[in-house]
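Residue numbers (the numbering used here), protein chains in the order written: chain G, 440 to 885; chain S, 5 to 286; chain V, 132 to 463.
In silico BS3-like links for lysine-lysine, alpha-carbon gap of 27 Å or less:
hint	chain 1	residue 1	chain 2	residue 2
1	G	K882	G	K687
2	G	K648	G	K721
3	V	K246	S	K10
4	G	K882	G	K556
5	G	K807	G	K579
6	S	K10	V	K362
Stretch by stretch, here's where chain S covers chain V in the computed footprint (C-beta under 8 Å, at least three residues):
hint	region
7	160-169
8	444-453
Don't read these hints as lab results, they were simulated from the structure.
Ideal Cβ placement from N, Cα and C applies to all residues, glycine included.
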Amino acid sequence: MTKMRIPAILTTLALLLGACAGAGPAATAAPATEADIDITGPVTLTLWHALTGDPQKGALEASVKKFNETNGKGITITPVVQGNYTQLYQKTLGAIQAGTLPELVHAYESQVADYTKAAVVIDLDAYVNSKKNGLDQAGKDDIYKPYFDTNRFPQYGNQLLSFPFSKSLAVMYTNEDVLKAAGVTTTPKTWADWEQAVMKATKKDAAGKTTQYGYVGTTDASYFNAMVLSRGGNIMSADNKTVAWDGKEGLETLQMIDRLYKGGYAYTPTGFDFQADFANSKLAYTFSSTSSRPFIAGAMKTPVNWTVGLPPQADPAKGRTVMFGANVAVLKSTPQKQLASWLFVKWFSEKDQTADWATKSFYMPVRKSAADNEALKTHWTGKDPQGKQAFDVVAASIPEPNVRGQQEIRDVILDMYVKVTTGKATPEAAIKDAGARANQILKDNQ
Amino acid sequence: MSSVFKHLVLILVGLAVAYPFYFMITTALKDFAEASTTPPTLFPTSLHPENYAEVWSRQPWARYFANTVFVAGTTVFGEIVIAVLAAYAFAQMNFRGKNLLFALFLATYMMPGEATLIPNFVMMSNAPAGVNPIFPIPRLGLYDTYAAQILPFLASAFSVFLLRQQFLAIPKELHDAAKIDGAGHVRFLWSIGLPISVPALVTVAILSFYASWNAFQWPFIVTSSPDIRPIQVALNAFSAEAGSNYHLLMAAASFVVAPVVLLYLVGQRYLVQGVARTGIRG
Amino acid sequence: MSGGAIAVDERAAARRRRLFGENAQAYLFLLPAVGLLALFKILPAFYAVYISLFRWDIIQGAFRGLDNYVDILWANATRAQAFWQSLSTTFTYAAITLPIEMGLALVVAYVLFQKLAGRDIYRTIYYLPYVTSTVAAAFVFLWIFHPQYGPANQLLGVFGISGLRWFQEPDGIFQMLGDAAGIALPDWAAGPSLALVGVAIFSIWHFLGFQILIFLGGLGNIPLEYYEAAKLDGASQWQLFRRITLPLLSPQIFFVFTIGSIGVLRAFNEIFVLTNGGPLDTTRTVSLLVFRTFFQQGQIGLGSAMGVLLTLIILAFTVIQFRFLERRVHYT
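The whole structure should be built from the sequences, with the hints applied where relevant.
This is the structure in structure tokens:
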């Protein structure tokens, strides 16, 4: 706080001086907030991120390089990889203790909520709404509304504490060749149909041992959440005080998973090995982030017919899945650095930049208008038709809760899932226990 | 036991011990497809030494090696100087409070690192914004520096014990003779104490070097920029980048392991002596 | 007489001067070591206790007295369950690692001690894992025990065992054996998870050489005459081992046990890489729990309290070992 106060005092002094000088006719209006100031000298910023591998890492580095060369205000950004998202989060929590934070940090929503607890995150509303440095109404409307929603934090007075950055969504990957060979000719419309398709696509040898699976149960809480959403369920209760995934839809999901594992139709992967299985037509279905596209395509030895899209839906007219991907938060530093950080964040979301980013990184563009970008269109029709398939369902993506404690709750969901898939607990017992634990965590974090 | 049987036992254990090294090197030479086939192949069907070049080009490994060499080198040197002085004082000098101080050293040796991990981390940091601690904790502002990786390991109670044993073994006559010649402690230590303790010093140096080279947990939490990141932390970070490209991760692991294995093969005798004399674990 | 008295006084004064000088010099010699130990070991120990008395959830909050300890030990069901489970995991890990490691090391050292061709080569190989970094080696093990692509399952396949999931398997090994034999075991008899056994295999691999080394040193200290005398009395190989080797090796056995159990209780790096505490927390030892509480949940007060408890446990464990085991050790 003391660090912060000195610039604040200086700003106040400057305001007073400005007011005195304001007697003259040439006086310009004094900046109303820190968001309206000018960048007066060279600014160097550090961005911590979790894009560990190409193409994402390279795409970000290229974008940053372009910004550094073209911003014309002397802003230089250095991107630093801090490992995967968990390690980045650990590093940032550590850096909060250490008082040595970067200016920009790449983070999931619930992580931003944790950082905000330490009062190190800047509310971006002032910057977004700044007449001088902000976005105009058309710009605001062009960005998908869910992408704004996910970065508003009810726990912290609905402030906009982060901005969409590397966005994606949970989708179902389908290997059409495997399904065709198994005699599944129509796309399953309900989860019951889908379960049948998984069973048909599974191959077993004479001893009953599975030689080819229909489904791989990627161990991540989000896919469970996506299944709950698609069945019409909710992740959180309306008042944000208790979880809602422990209801009927959650139980049905677990029971289905339980049947698939018990019958030898599904397996749990190690790392990313399932991508090779899928790419080599040894697997019919998997759930993954849309940003897994390049890895799956890259693992294909021979061309494969594959698609991405929403899983079966309770209400096909209003498809629902989990929004994925991370955001970027601006951390407290100096008014100059904060503004420079915002200018980068804003630039990154501009139409052509977000389209270019989507082309190179395989993340989703954050603006609707990006679909008109010629380069992105060419990319989609040529190399990445699945990119277009994913983009077409962006509107269906629903943010996961951004409350404090969500990280721990994700662990609880994962535990529950593993308990069921390893036969340690019945779906009924597992979900009951997990729901109680999750609600306790929410209570502890109030 | 017949000697055939003995060899059988030794060979079986030897194979189990050596196999991971073999696996690491052969996997590093496979291509992606072969590294992830079922069942795994014992020998690579085709050799891909270019994997090493690819891994090397992906990260500034030379910088990571330099970081580790610098941190380990400084730690070893500083630790020896500090331990020699303290050990000599305990072994050859009389002073008030000797037993008390020695007990203090003993106590710090017994104390596991877990309790001090968090406070040490907090101490390395700057005072965080908005927090005004009541307790007078020194804030060193060393988070993400070389110093943070070196300072906490400079004073090693263990090295002091080891060298104290060595200095206690210096014959009293030698010291008396030196006193008659008018040599003070400093001169005696420099011209007699150190030269006859070279094997013990080498042992301390090697053990300290290994500990520093292989350190992971502390540098992992106390560094954040790649510029000062040591090799083990870099390897862990690379595992995220490598993803399912396990052949690349194995290539990285093999050049992280190579220098210490070479050092071991050269300095085996000292290491064996050192461990036998003392027995530290990891 | 008086002259003698003066001489004595002067000698005493000289000794005082020398002693004072020596005191100052000794303190100077000790200053760097004592200063650094005070700063990085002693002060942080007090600080850990201080932190543990606060609600310190990312930022320092209200004073809680001993409530963090109360929460961990019983009051907060989730926290207490996690703590006790991790403690039990830690001791289970020690209980499966140490006996096997020591037994194996003892046998190998005993065989290796005898004059055999190629002794040096064996020794060089056996010590190799000990100098290898745990992080790099753990990555290798992760792939060797990969359920699908790993050679470990390939080898077991020869014996008709297939599909083990190693570092992902939360099931207890006795439970798995029971299931294979068609016997349903109660939960308490499930045994350590296969994942924990996998971690133990790594640990044994990594530290075996160290223990062999210590035992070889001990064997070298046993006078050969003892064996010769016993042989004259017609003792068998087993009797020699049982009556001479084992008792006279007891200081080393004790030493290896103490150092080994402290090492196992503190283990972090290999578990962090191999399982990061999973699956289902079956490999989450106290060290990993402390780490997670601090760095993944931002609960610094609770994490410190756990660290303090772990320290007390390790200290108590060491003291008990010294008390009860050392009496049974024969020093030569």
